[in-house]
Amino acid sequence: MANSGEAAKAVAWSDPNARAYVEIDRVSKSFGDFKAVDDVSLKIYKGEIFCLLGASGCGKTTLLRMLGGFETPTSGRILIDGEDMTGVPPYERPVNMMFQSYALFPHMNVEQNVAFGLKQDRVPRAEIADRVAAMLELVKLGGFAKRKPHQLSGGQRQRVALARSLVKRPKVLLLDEPLGALDKKLREHTQFELIGLQDKLGVTFLVVTHDQEEAMTLATRIGVMDHGEIVQAGTPSEIYEFPSSKFVADFVGSVNIFEGKLLEDEPEYVRIGSEELGATIYVSHGISAAPEAVVWAAIRPEKIFMSTEPPASTGHGNDNVVRGAVQDIAYLGDLSIYLVKLPTGKVVRVTQPNTSRHAEAITWEQQVYLSWDSSSPVVVTR
Amino acid sequence: MRILPPLSKVGVSGRGLVVTLPYLWLLLFFVVPFVIVLKISFSDVDLAIPPYKPLLEWAGKNSLAIKLDFNNYAFLFTDPLYVHALLNSVKVAFVSTVLCLLIGYPIAYGIARSTPITRNFLLLLVVLPFWTSLLLRVYAWIGLLKANGVINNALLALRLIHEPLNMLYTPFAMYVGIVYSYLPFLILPLYANLEKMDWQLLEAAEDLGCRPWQAFYKITLPLSRNGILAGSMLVFIPAVGEFVIPALLGGPNALMIGRVLWDEFFSNRAWPVASAVAILLLLLLVPFMMWYQSVQARESASAR
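As they're listed, the protein sequences go chains Z and H. Going by the working numbering, the letters in the first sequence line up with residues 698 to 1079, in that order. Going by the working numbering, the letters in the second sequence line up with residues 847 to 1150, in that order.
Just so you know, the hints here were simulated from the structure itself, not pulled from any lab data. Just so it is clear, the structure is predicted and the values come from calculations on it, not from any experiment. Hints may be right or wrong, so weigh each one.
Said to hold, decoys possible - Here are the simulated DSS-like cross-link-like pairs (lysine-lysine), alpha carbons at most 27 Å apart as the crow flies: (1) K1042/H - K843/Z; (2) K845/Z - K1042/H; (3) K882/Z - K816/Z; (4) K740/Z - K897/Z; (5) K882/Z - K837/Z; (6) K907/H - K885/H.
Model the full structure from these sequences, guided by the hints.
Set out below in structure tokens:
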């Protein structure tokens, strides 16, 4: 996923003076008593693929529909390329939407579907034909122009929907679960096609998805949503490696979370005593929390080492080492997932890559040592 | 103790029985009467009971003579009354269908777009008139439309008019009656069609630059075409042969083919001519019925 504009984009969102292409300014939306979107502010820059990630009902689709003009914010405003979109109806917005159901017009063939928006804009006939043909070529549907939607496979329909929403060259393309209806293999393939297409056309994408894997592969940045709020926004690796809360850590990828109390709180390190873990966690960076406060240490399964022998000294005494018994193993081919039960009753999830074909396998009921690097745990306070 | 052998033993299957019954019904009450009417239409008038001459006659010398009289049909085209009545009926049915469509489409659309609970209530309102006899409802319109009827009295009381409007026994009253009576037949199939619409298509159309009315014209209307055709046929076909409503509400010069048929049959006792009129009317309507059937077939195919 070598995004050519990656470096430039990376500057854009860390540069406070960069001009946002889409600016969502304190937007809220209520349906009766229910707050679907709660005071969301977000800046999206030109050429980004921004993913709104969240469980169903978290407000991500409502936010997307407000950008498309299908819902009106209860408060706040939305600016696209500096223009206030409040009160601008969908048919006058410089954005297009790709619907989750694709919403292809069943009485029109592929060509007519794609040409629909251009005809509406009274683009000259010859230009329509050229642009539609070029767009169909781009989504590899050149030979399907005369087919009706019901004569196409799911993947082809998805590409028609994509072509139809891109052919008008919108400033922002809104995609509602773009790959949701495709099977896993096709989805993976289409993800990369989508990125390639975006790179070629330079259109800013705003994607709504509940699939964290999809968000991770597609996005330049992810906004994790929960209960109508954006709980964290950042690059995929920021979201994964530096989650700001238990919710984000748990929602994106799998994670082991240990509740504990701050024992030592120094600028260079902290030590957390966790009853759940039955050990002390040494973290090699300082955090900001009240002394004796309850905190949570989050450790990713792939960052835990498992061995049958006691690990070599970590340099922090007995910290960051626990013993347990293997309770369950899931062999996935490329890696294996181990569920290790600690004496405290807590079950820890560990993944190990199967680098060797004939490795001395760790089996059920075996006693193992678990350890991790002092830089691996992420400490969150909520 | 079994007296009769089981039906399956004599080659009668339960499925065959179920399928046979409706066909038997159609044979008895549709095909047979149709053949009788067809037969009468080729016979001569006679002062007898029944008032026509038999087709088959014993001509002696061991021969049976069949006498087909095409004069009845020829007569229909020589006397301009019949063609005029037929054309007028088609005109009235067509205008009524268009009026039903103009009134019924918004109603069907409104029902299809309402919430499920309101939807059931509104559908109930549409079929509610069927709980009363058609004749009673048409008579009620007399009470509404006559010179000192409800509408005239209300308008007079409101001082909107100074003398009663002449509405009853006019084409206006006839159209009111037909449109009122046949409206549900248009609304229900149209609703059934619109109810299956994916309303997200309208959002997609708006997203691609359509104003709401353009989205309606380019998406909703073409997609509801089958519903429009089905509903229109259900109004048009029976309205062509309508007799009761023009007779009760229309004026004496409301010349409709149904009325002509009635007069020939009961007043003139010209059964052969009346039968010829009936057969001609049927022939006229067959193409519309076949069209309706093909629309229905397409509709159920698209639902799958």
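Here's how the hints hold up against the structure:
1. Simply put, K1042/H and K843/Z have alpha-carbon atoms about 25 Å apart, close enough for the 27 Å limit, and the pair holds.
2. With a CA separation close to 19 Å, the supplied pair K845/Z and K1042/H stays within the 27 Å bound.
3. Taking the CA atoms of K882/Z and K816/Z, the gap is about 35 Å. The hint is violated against a cut of 27 Å.
4. Proximity of K740/Z to K897/Z is assessed by CA-CA distance (about 23 Å); at most 27 Å being required, the pair is judged to hold.
5. The hinted pair formed by K882/Z and K837/Z meets the criterion: a straight-line CA distance of about 18 Å does not exceed 27 Å.
6. With a C-alpha separation of about 25 Å, the suggested pair K907/H and K885/H falls inside the 27 Å cut-off, and the hint holds.
Comparing the model with each earlier hint shows a violation of hint 3 alone; every other hint is respected.
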